[in-house]
Amino acid sequence: MIELFDVTKRFGEEAAVDAISLRVDSGELCALVGTSGCGKSTTLRMINRLIEHSDGEIHIDGQPVRRFKEDTLRRRIGYVIQSTGLFPHWTVARNIGLVPRLLKWSPERIESRVEELMTLLGLPHEAFADKYPDQLSGGQAQRVGVARALAADPDILLMDEPFGALDPITREALQDELRELQARLHKTIVFVTHDMDEALRLADKLVVMDAGRIVQQGTPLELLREPATPFVESMLGGDDRGLKETSLVRVSERMQPPGQTLNAKARVHRDATLRQALAVMFREHADQLTVFDDEDRPVGELSLQRLVGVTRHE
Amino acid sequence: MNEHGVQWRANRALRHWRLPLAWLVLLTALTVGMAELESVFRWVEADSRQVIYDRADFVTLLGRHLLVVSVASLLATLIGVSAAIAVTRHAGQDFLPLVAQIASMGQTFPPVAVLALAVPVLGFGTLPIIVALLLYGLLPIVRNTLAGLQGIEPSILEAARGMGMSGGQVLRQVELPLAAPVILAGIRTSVTVSIATAALGATVGASNLGDPIISGIVNGNTAYILQGALMIGLLALTVDSTFERLTVRRISR
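Sequence order for the protein chains is A and B.
In this text, residue positions in the first sequence follow our numbering: the first is 11, and each later residue adds one.
In this text, residue positions in the second sequence follow our numbering: the first is 258, and each later residue adds one.
Source of the hints: derived by calculation from the structure; they are not laboratory data.
Treat each hint with caution, since some may be false.
What the hints assert, rightly or not - Only part of the chain B face toward chain A is listed, based on derived beta-carbon distances under 8 angstroms: (1) 412; (2) 415; (3) 416; (4) 420; (5) 423; (6) 427; (7) 428; (8) 429; (9) 431; (10) 434.
Claimed, not checked - A few chain B positions that, by computed beta-carbon distances, are all more than 10 angstroms from chain A: (11) 263; (12) 264; (13) 276; (14) 289; (15) 297; (16) 413; (17) 417; (18) 426.
Positions of the beta carbon are idealized from the N, C-alpha and C atoms, including for glycine.
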């Protein structure tokens, strides 16, 4: 658990972060979203003390971060940055084993941990262990970056625009992987991004920042339904935010039991989002879809009215 | 490893080092066998009674030359690298502009001038030449070490700190290895220039490979000049090509 109490960071006279309070529960992924210069990265770096806060208190599991030695604190917190920061003169395996080595694990334990992590992140050990960072693609390098952050099995992960420099397809693939990883590992993650779609996809809790302050925080759905200010609304895409909302709800949550007549052509998987269902309706000129499951059996139906009505009134 | 592998490695090492080795063999041959070339030098300098420099043997001259250069270069490397490291740390930041400026300004200062200024203070002999070489040799080392350390991508250092490496660990495991090729290039320049410049020591009473040259100039004996120049040239080539191979070895892993 990470808690910020009235945390302020001043550079000279100017407050880059202005008295923000925030709580990230264990196992939660909290996304800090805002335009550049809003203080989101500064906030992140104050948690592992790469930047010292000027006022207020930051607690990790109830302990003020200043009570720890800086290096001890950082070895307990995974850190992933946009440009990966991999050491170019070290192999992939050595890069991943960095923190365990700092913690003086035995060489055998480090080796097996590195292998385990490479498997977890889809980097075959034989193919990648002895490569150097400049031999990797952007997506592979960022996987190594994530593996390095996870190496000593920290409870907390800080990620500073980790997928910001990747092409859209790789970015989406890594977002999916992170979501799967998080479903298994239940880390406490603070994730900085300026990409609202990324934040909506990944976050349990969304924090919108502007000019060093928190403008609004809540679950993605809460923010989409009731943006507190015009700024939050525009961050969420203005009138488009209805569509973004449909990306967050699954068909299975809105479908009805199957009726008598089923449309064979207009069909959608039960795990698809309402947005995908809308797209199918639009494409097939249908206002009613058949919902099927993994075994390709019809398990329900979804009408346009129900799709639209339910998302509006619940 | 089997015998074949050992053989293969030895071959590869030999191939890697063959250029510096060739210069070294030539240098050694000339050092011990200068007298054998008497007929060649006689042809160059037909009028003189003596054509092979013999006030001191070449082994001694080479030894002294190497000693002066080694002491000066070792000190210059130690001081230069430490100074550059110190001013790139948080605590020494204030001195960075000063040191960087001196380092680039000093390059324009001719070594003869340093020598001329050192003699009145330190007297004649080996000491002023060591001081002159040290001062002049410091500059490329400081400049390159600064460039090497400052050229490291900031995100690498941020990651290193963010992972929980201490300042010393970042320096030893990340900064110095990454800056090594640039630092080594600075040391190479410094040592090579020192080998040539050390010959000036002969003018202030330090005996080394500059002796035959100065003596040749004074007595109008071209053979002496040639002998000194050949020795210094070969020594510089040997050392320079050794550094060149070292740098290549570090970059290609």
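Here is what the structure says about each hint:
Because the smallest distance between the Cβ of residue 412 (chain B) and any Cβ of chain A comes to about 4 angstroms, under 8 angstroms, the interface hint for this residue holds. For residue 415 (chain B), the suggested interface contact is upheld, since its CB lies about 6 angstroms from the closest CB of chain A, less than 8 angstroms. Interface hint status for residue 416 (chain B): upheld, as the beta-carbon distance to the closest one in chain A is roughly 3 angstroms, under 8 angstroms. The restraint placing residue 420 (chain B) at the interface with chain A holds, with a minimum CB-CB distance near 6 angstroms, inside the 8 angstroms limit.
Interface hint at residue 423 (chain B): satisfied, since its Cβ lies 5 angstroms from the closest Cβ of chain A, which is below the 8 angstroms cut-off. Residue-level restraint check for residue 427 (chain B) is violated (minimum Cβ-Cβ distance to chain A is 10 angstroms; threshold 8 angstroms). The restraint placing residue 428 (chain B) at the interface with chain A is violated, with a minimum CB-CB distance near 13 angstroms, outside the 8 angstroms limit. Restraint check, residue 429 (chain B) versus chain A: the minimum CB separation of about 12 angstroms is more than 8 angstroms; hint violated.
Of the supplied interface hints, the one on residue 431 (chain B) holds, with its beta-carbon coming within about 6 angstroms of a beta-carbon of chain A, less than 8 angstroms. For residue 434 (chain B), the interface hint holds, the least distance from its beta-carbon to any beta-carbon of chain A being 5 angstroms, beneath 8 angstroms. In this structure residue 263 (chain B) is separated from chain A by more than 10 angstroms, as the shortest Cβ-Cβ distance comes to about 23 angstroms. Consistency note on residue 264 (chain B): stated as away from chain A, and its beta-carbon is indeed over 10 angstroms from all of that chain's, at 25 angstroms minimum.
The Cβ of residue 276 (chain B) lies farther than 10 angstroms from every Cβ of chain A, with a closest approach of about 26 angstroms, so its non-interface assignment holds. Distance check on residue 289 (chain B): its Cβ is at least 42 angstroms (rounded) from any Cβ of chain A, clearing the 10 angstroms threshold; non-interface status holds. No Cβ of chain A approaches the Cβ of residue 297 (chain B) within 10 angstroms, the least distance being about 49 angstroms, so the stated non-interface status holds. Here residue 413 (chain B) does not stay apart from chain A, with its beta-carbon only about 5 angstroms from theirs, under the 10 angstroms limit.
Look at residue 417 (chain B): its CB is around 7 angstroms from the nearest CB on chain A, not clear of 10 angstroms, so calling it non-interface is violated. The claim that residue 426 (chain B) is not at the interface with chain A is violated, since a C-beta of that chain comes within 10 angstroms of its own (minimum 7 angstroms).
When the structure is compared with the earlier hints, violations turn up for hints 6, 7, 8, 16, 17, 18 and for no others.
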